[in-house]
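**Q** Numbered per our numbering, the sequence shown finishes at 97, counting up by one with no gaps.
Because the hints were derived from the structure by calculation, they are not lab data.
Since we're looking at a predicted model, the values are computed, not measured.
Honestly, I wouldn't trust all of these hints.
Unchecked claim - Only pairs whose alpha carbons sit at most 16 Å apart, straight line, appear in this in silico EDC-like list of lysine to aspartate or glutamate: (1) Lys35 to Glu2; (2) Lys86 to Glu38; (3) Lys74 to Glu63; (4) Lys22 to Glu38; (5) Lys4 to Glu21; (6) Lys86 to Asp34; (7) Lys67 to Asp84; (8) Lys22 to Glu63.
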Amino acid sequence: MEMKMLRWTAGVTRADRIRNEKIRERFGIALIADKIRETRLRWYGHVLRANEDTICKVGLDLEVPGKQPKGRPKQRWLDTLHADLKHGSVQTRRTIE
């Protein structure tokens with residue numbers, strides 16, 4: 001939907017065969033995935049600076065007891081965060097897990 005609106009604003013159709021990157025560059029707009037990654041890292045910074053007894057800090061280190069279901073593990077927030085940190089080449093002072 002985002003690119004459709006940008007193309008409409010630019011007066012460009014898919015038939016014009018102009019790449020999405022060029023249109024985003026023209027308007028100076030970043031990818032939505034980059035904005036989400038930035039927001040997720042900003043939230044993680046808030047969590048790291050929070051007091052040790054806050055619910056968000058406790059939830060970050062929470063271990064759920066019991067057996068895991070069969071199959072591939074579901075994507076966790078921390079897994080996504082690790083990928084974001086690796087993507088941005090960010091070093092952390094705190095070891096997770």
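**Q** Are the hints correct? Go through all of them and say.
**A** Here is what the structure says about each hint:
1. Lys35 to Glu2: Holds: Lys35 and Glu2 sit about 13 Å apart, inside 16 Å.
2. Lys86 to Glu38: holds (13 Å)
3. Lys74 to Glu63: With a Cα-Cα distance of about 15 Å, the restraint between Lys74 and Glu63 holds, given a limit of 16 Å.
4. Lys22 to Glu38: violated (22 Å)
5. Lys4 to Glu21: holds (13 Å)
6. Lys86 to Asp34: Holds: Lys86 and Asp34 sit about 13 Å apart, inside 16 Å.
7. Lys67 to Asp84: Violated: Lys67 and Asp84 sit about 28 Å apart, past 16 Å.
8. Lys22 to Glu63: violated (45 Å)
Checked against the numbered hints above, the structure violates hints 4, 7 and 8; every other hint is satisfied.
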